[in-house]
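Colleague: Sequence:
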Amino acid sequence: MALKTTIDPIKKRFLRGGGEMGDLIRSYDWSQNELGAIENWPQNLLSTLSIILNSKFPMVLFWGKSLIYFYNDAYRPSMGDNGKDPIVLGQKGEACCSEIWSFAKPIFDSIFAGGEANWSEDKLLPIYRNGKLEDAYWTFSFSPVEDERGAVCGVFLTCFETTSKVNTIKKLHASEDELKFAIEAAELATYDFNPKTNKLNVNQRLKDWFGIDAAFEIDLSNAIKAIDEKDIGRLNSAIKNSLQFNSGGRLEIIYTILHPLTKIPRTVLSKGKCWFDENQKAYRLNGTLQDITKEVNDRKKIEKEMSTADLAIQTGELGVYEVDLLTNEFKNNQRFNAIYGVEETMKREGFIAMCHPDDQPIRAKALEDGFRNGSFDYHARFSHGDLAERWLRVKGTVFYDDKKQPIKILGVVQDITEQKNFADSLAIQVKERTMQLKQSNEDLLQFAHVISHDLKEPARKIRTFNSRLKEEYKEKLDSKALSYIEKINNATERMYAMIDGVLFYSTLNNGAIPKRQVNINDLIKQVQLDLEVIIQKNNAVLIIEQLPLIEGASILLYQLFYNLISNSLKFFDPQRSPKIFIAGVVIEYEKIKYARINVSDNGIGFSKEFKEQIFSAFMRLHSKDVYEGTGLGLALCKKIVERHHGIISAESTLEQGAIFTITLPLEQ
Numbered sequence: 013m014a015l016k017t018t019i020d021p022i023k024k025r026f027l028r029g030g031g032e033m034g035d036l037i038r039s040y041d042w043s044q045n046e047l048g049a050i051e052n053w054p055q056n057l058l059s060t061l062s063i064i065l066n067s068k069f070p071m072v073l074f075w076g077k078s079l080i081y082f083y084n085d086a087y088r089p090s091m092g093d094n095g096k097d098p099i100v101l102g103q104k105g106e107a108c109c110s111e112i113w114s115f116a117k118p119i120f121d122s123i124f125a126g127g128e129a130n131w132s133e134d135k136l137l138p139i140y141r142n143g144k145l146e147d148a149y150w151t152f153s154f155s156p157v158e159d160e161r162g163a164v165c166g167v168f169l170t171c172f173e174t175t176s177k178v179n180t181i182k183k184l185h186a187s188e189d190e191l192k193f194a195i196e197a198a199e200l201a202t203y204d205f206n207p208k209t210n211k212l213n214v215n216q217r218l219k220d221w222f223g224i225d226a227a228f229e230i231d232l233s234n235a236i237k238a239i240d241e242k243d244i245g246r247l248n249s250a251i252k253n254s255l256q257f258n259s260g261g262r263l264e265i266i267y268t269i270l271h272p273l274t275k276i277p278r279t280v281l282s283k284g285k286c287w288f289d290e291n292q293k294a295y296r297l298n299g300t301l302q303d304i305t306k307e308v309n310d311r312k313k314i315e316k317e318m319s320t321a322d323l324a325i326q327t328g329e330l331g332v333y334e335v336d337l338l339t340n341e342f343k344n345n346q347r348f349n350a351i352y353g354v355e356e357t358m359k360r361e362g363f364i365a366m367c368h369p370d371d372q373p374i375r376a377k378a379l380e381d382g383f384r385n386g387s388f389d390y391h392a393r394f395s396h397g398d399l400a401e402r403w404l405r406v407k408g409t410v411f412y413d414d415k416k417q418p419i420k421i422l423g424v425v426q427d428i429t430e431q432k433n434f435a436d437s438l439a440i441q442v443k444e445r446t447m448q449l450k451q452s453n454e455d456l457l458q459f460a461h462v463i464s465h466d467l468k469e470p471a472r473k474i475r476t477f478n479s480r481l482k483e484e485y486k487e488k489l490d491s492k493a494l495s496y497i498e499k500i501n502n503a504t505e506r507m508y509a510m511i512d513g514v515l516f517y518s519t520l521n522n523g524a525i526p527k528r529q530v531n532i533n534d535l536i537k538q539v540q541l542d543l544e545v546i547i548q549k550n551n552a553v554l555i556i557e558q559l560p561l562i563e564g565a566s567i568l569l570y571q572l573f574y575n576l577i578s579n580s581l582k583f584f585d586p587q588r589s590p591k592i593f594i595a596g597v598v599i600e601y602e603k604i605k606y607a608r609i610n611v612s613d614n615g616i617g618f619s620k621e622f623k624e625q626i627f628s629a630f631m632r633l634h635s636k637d638v639y640e641g642t643g644l645g646l647a648l649c650k651k652i653v654e655r656h657h658g659i660i661s662a663e664s665t666l667e668q669g670a671i672f673t674i675t676l677p678l679e680q
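So the number in the working numbering is just where the residue sits in the sequence shown, counting from 1, plus 12.
Misleading hints may appear alongside valid ones.
[Unchecked claim] With a cut-off of at most 35 Å between alpha-carbon atoms, the simulated DSBU-like pairs for lysine-lysine come out as follows:
| no. | residue 1 | residue 2 |
| --- | --- | --- |
| 1 | K252 | K242 |
| 2 | K293 | K312 |
| 3 | K237 | K605 |
| 4 | K117 | K312 |
| 5 | K208 | K285 |
| 6 | K623 | K549 |
| 7 | K177 | K211 |
| 8 | K104 | K117 |
| 9 | K219 | K623 |
| 10 | K603 | K549 |
| 11 | K312 | K275 |
| 12 | K537 | K603 |
| 13 | K623 | K537 |
| 14 | K492 | K549 |
| 15 | K499 | K591 |
| 16 | K283 | K237 |
| 17 | K242 | K432 |
| 18 | K527 | K499 |
| 19 | K492 | K275 |
| 20 | K499 | K549 |
| 21 | K104 | K68 |
| 22 | K177 | K283 |
| 23 | K183 | K237 |
| 24 | K77 | K117 |
| 25 | K237 | K306 |
| 26 | K488 | K473 |
| 27 | K582 | K603 |
[Claimed, not checked] Taking CB as the label site, the calculated pair distances span:
| no. | residue 1 | residue 2 | range |
| --- | --- | --- | --- |
| 28 | L136 | G260 | 41 to 47 Å |
| 29 | L561 | E483 | 47 to 53 Å |
| 30 | S566 | I428 | 24 to 30 Å |
| 31 | E199 | D370 | 25 to 31 Å |
| 32 | E199 | E111 | 43 to 49 Å |
| 33 | L561 | D413 | 42 to 48 Å |
| 34 | E602 | F622 | 41 to 47 Å |
No lab work stands behind these hints, which were simulated from the structure alone.
By construction, the Cβ of each residue, glycine as well, lies at the ideal position given by its N, Cα and C atoms.
Produce the entire structure from the sequences given, and follow the hints as far as they go.
Modeller: Structure (structure tokens):
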């Protein structure tokens, strides 16, 4: 800084006002600067400074090749305290902007070379202020200042700091990230409902729960379909109420979702908040769903156990006891004494001594585990005096202090002697019955083999002589006689098929299923080849999607799909060509994966009342003269599926085809 100088009145007019920076410029000794005294400054410099100094918008001027630094009062707050202001006034640009020079220098060079003005928004450029180098964000524009000849003589900078805005946005994004993390950590499903369009925006978890495979925006009615029927009315009423302004806009309800594919129920707690416009009309309802299935099931289990325990205690079935582990004080009810066969309350050690010596290790181990896990439950023999030995079930819950040390046991005792004796007797009977059944199965299998051989022999003779009759006398027989011969032949073939079916049906219960992986796609291709003639004859169409691999017996699974496809080809509507569609998905239930395969057709179908009976052996819904068969096909299918620890079911409506659903575990 230097002494005030005398300024030409005309030039003084351009530098009047300008606040503190105007005073600083006027009082600065410019004779010591390369610009020289103000009296010698060019008119365009004075004009530009006049604009800057009297503007309320932050502005900076870099003048000449040395980029001499000027700025106005509006820019000074950006420089902070204990920074460069006002030291940098009149200094060269490189010295004033050393911390951003690598960024700014190319811009200055471009503008002086005739380049156009540029613009940057929310750019990170550090600045030295408040005694340190700080990160700051800026929105700015560099523009050329030209002299009367059009040559660039300076660079004009308009700027404002956006650090606060950028940090706010960062915090908002961080909050959003934290919210997303919280939603994921809490395993919440989210929804955003527009009452005007009846559309829902939901996250992927909600789609998975509801079994919805759709775009991000879905219709409310599609979601409602997955709600348990008993809860739909309550949910609709709750939503309708929350959309009313006088309700406060709050939604909180518990309901059950039934997944459309797996049919597995999921109980959820739905919480939401409705938003209203200035006319008190709802325009948005958003919230979360929390899976509380386990909590609800646990509560029901506890309530059931408590109900059972209360009833048992009230009817005198259970003895109740309490042990204070700090004082060893023991309390119990009268029923407890009666179970142990004592008349007066004893100390805890006395009851422990009644335990049979062989069962003492069981009791000790149960207590050890109970102190560690919080509860115990064991069976042991107890006796007192001349009383007969009794089997008792002893249960207890352990309570702890703040330091996780056990301080109390509260439990019940039940006399299970009769149940034990019955169970032992039942086990013996079951063992004996199992041996009898095993022998019966072996006898049945041997019988089936004998019968099949004995029945096939006369059937074989009928077929042989019937064939000879047709060949040797076909010239002498009329059409009616030949038709009788054909009927005899067809009946004989059905007898053969039935004998083979009975034998195969009787052997399905024997032996374990081999744990071999079966490619169902290859297996069905083989079925198609074997049925190629009938498929072509009826112009049938088979559409098969990619099916999962499963473990099982290849020969049995082949028979399963052969029977089902053959069934669809047999019971087709003469008015249309058979069309068979086979598709499958993998589902998971209680951590076990299953293949669920549907075999559907457009055939004649069957009435709903027969959906269970069709799997019975020799069950026929149609005359054998109209539709041939033994009545064993679907019965064999059911046995094969059950041998693979699976389930088979059927759904149909008359004249509208049938759907057979097979659910098999992927691993045996």
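Colleague: Please go over all the hints and tell whether each is borne out by the structure.
Modeller: Right, here's what the structure says about each hint:
1. K252 / K242: Within the cut-off at roughly 17 Å; holds.
2. K293 / K312: violated (40 Å)
3. K237 / K605: Given that 35 Å is the threshold and the Cα spacing comes to 25 Å, the pair holds.
4. K117 / K312: violated (74 Å)
5. K208 / K285: holds (16 Å)
6. K623 / K549: OK: K623 and K549 at ~29 Å, within 35 Å.
7. K177 / K211: With Cα atoms ~34 Å apart, K177 and K211 stay inside 35 Å; holds.
8. K104 / K117: holds (12 Å)
9. K219 / K623: holds (32 Å)
10. K603 / K549: Since the Cα atoms of K603 and K549 sit roughly 45 Å apart, the hinted pair is violated (cutoff 35 Å).
11. K312 / K275: Holds: K312 and K275 sit about 20 Å apart, inside 35 Å.
12. K537 / K603: holds (31 Å)
13. K623 / K537: Holds, at about 28 Å.
14. K492 / K549: Holds: K492 and K549 sit about 27 Å apart, inside 35 Å.
15. K499 / K591: The given pair, whose Cα atoms are some 30 Å apart, holds under the 35 Å limit.
16. K283 / K237: The hint holds at about 19 Å.
17. K242 / K432: violated (42 Å)
18. K527 / K499: Violated, at about 44 Å.
19. K492 / K275: Roughly 57 Å between the alpha carbons, so the hint for K492 and K275 is violated.
20. K499 / K549: With Cα atoms ~22 Å apart, K499 and K549 stay inside 35 Å; holds.
21. K104 / K68: holds (24 Å)
22. K177 / K283: holds (33 Å)
23. K183 / K237: Violated, at roughly 40 Å.
24. K77 / K117: Roughly 12 Å between the alpha carbons, so the hint for K77 and K117 holds.
25. K237 / K306: Roughly 23 Å between the alpha carbons, so the hint for K237 and K306 holds.
26. K488 / K473: Holds - the C-alpha atoms of K473 and K488 are around 22 Å apart, at most 35 Å.
27. K582 / K603: Between K582 and K603 the Cα gap is close to 39 Å, so the pair fails against 35 Å, i.e. violated.
28. L136 / G260: 41 to 47 Å: holds (45 Å)
29. L561 / E483: 47 to 53 Å: Holds: the Cβ-Cβ distance is about 50 Å, inside 47 to 53 Å.
30. S566 / I428: 24 to 30 Å: The hinted range 24 to 30 Å is violated for S566 and I428, with Cβ atoms some 48 Å apart.
31. E199 / D370: 25 to 31 Å: Violated - the Cβ-Cβ distance for E199 and D370, about 48 Å, lies outside 25 to 31 Å.
32. E199 / E111: 43 to 49 Å: holds (47 Å)
33. L561 / D413: 42 to 48 Å: violated (55 Å)
34. E602 / F622: 41 to 47 Å: Cβ of E602 to Cβ of F622: about 31 Å, so the range 41 to 47 Å is violated.
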